[in-house]
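Take the sequences, apply the hints, and build the full model.
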Amino acid sequence: MENENKKLFMLAGERCPQCKEHLTPADLENFPRCPYCDHLFPNGDELEDFILKPALNRWIQHTCQQFPK
Numbered sequence: 001m002e003n004e005n006k007k008l009f010m011l012a013g014e015r016c017p018q019c020k021e022h023l024t025p026a027d028l029e030n031f032p033r034c035p036y037c038d039h040l041f042p043n044g045d046e047l048e049d050f051i052l053k054p055a056l057n058r059w060i061q062h063t064c065q066q067f068p069k
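Under my numbering, think of the first position of the sequence shown as 1, with each following residue one higher.
These aren't lab readings, by the way, just hints derived from the structure by calculation.
Cβ coordinates follow ideal geometry from the N, Cα and C atoms, glycine included.
You may find that some hints are simply not true.
Ranges of calculated distance between the beta carbons of each label pair, as one might list FRET restraints [to be verified]:
#1 Leu40 - Pro68: 39 to 49 Å
#2 Arg33 - Trp59: 19 to 29 Å
#3 Pro32 - Pro68: 37 to 47 Å
#4 Gln18 - Pro54: 20 to 30 Å
#5 Thr63 - Asp38: 35 to 45 Å
#6 Leu40 - His62: 30 to 40 Å
#7 Pro42 - Gln66: 28 to 38 Å
#8 Cys64 - Pro25: 20 to 30 Å
#9 Ala26 - His62: 12 to 22 Å
#10 Asn57 - Tyr36: 32 to 42 Å
#11 Phe31 - His62: 26 to 36 Å
Have a look at this one:
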């Protein structure tokens, strides 16, 4: 079942697989459930990556500007 939920989240991208609402990393940062329909997302690498991606992108951009090649 967990593997199936992970596959659904991956296919949905940035949308809840149950209610199809658009999700942001802030929506899932503190709670592993969809704020619209209470769908439980499985803990895993994909959920962590989705939450951390904006912070990592800002850090990479800042570092590249600070230390150009």
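Now the hints, each set against the structure:
{"no.": "1", "hint": "Leu40 - Pro68: 39 to 49 Å", "result": "holds (44 Å)"}
{"no.": "2", "hint": "Arg33 - Trp59: 19 to 29 Å", "result": "holds (27 Å)"}
{"no.": "3", "hint": "Pro32 - Pro68: 37 to 47 Å", "result": "holds (39 Å)"}
{"no.": "4", "hint": "Gln18 - Pro54: 20 to 30 Å", "result": "holds (23 Å)"}
{"no.": "5", "hint": "Thr63 - Asp38: 35 to 45 Å", "result": "holds (38 Å)"}
{"no.": "6", "hint": "Leu40 - His62: 30 to 40 Å", "result": "holds (34 Å)"}
{"no.": "7", "hint": "Pro42 - Gln66: 28 to 38 Å", "result": "holds (37 Å)"}
{"no.": "8", "hint": "Cys64 - Pro25: 20 to 30 Å", "result": "holds (21 Å)"}
{"no.": "9", "hint": "Ala26 - His62: 12 to 22 Å", "result": "holds (20 Å)"}
{"no.": "10", "hint": "Asn57 - Tyr36: 32 to 42 Å", "result": "violated (25 Å)"}
{"no.": "11", "hint": "Phe31 - His62: 26 to 36 Å", "result": "holds (28 Å)"}
The earlier numbered hint that this structure contradicts is number 10, and it is the only one.
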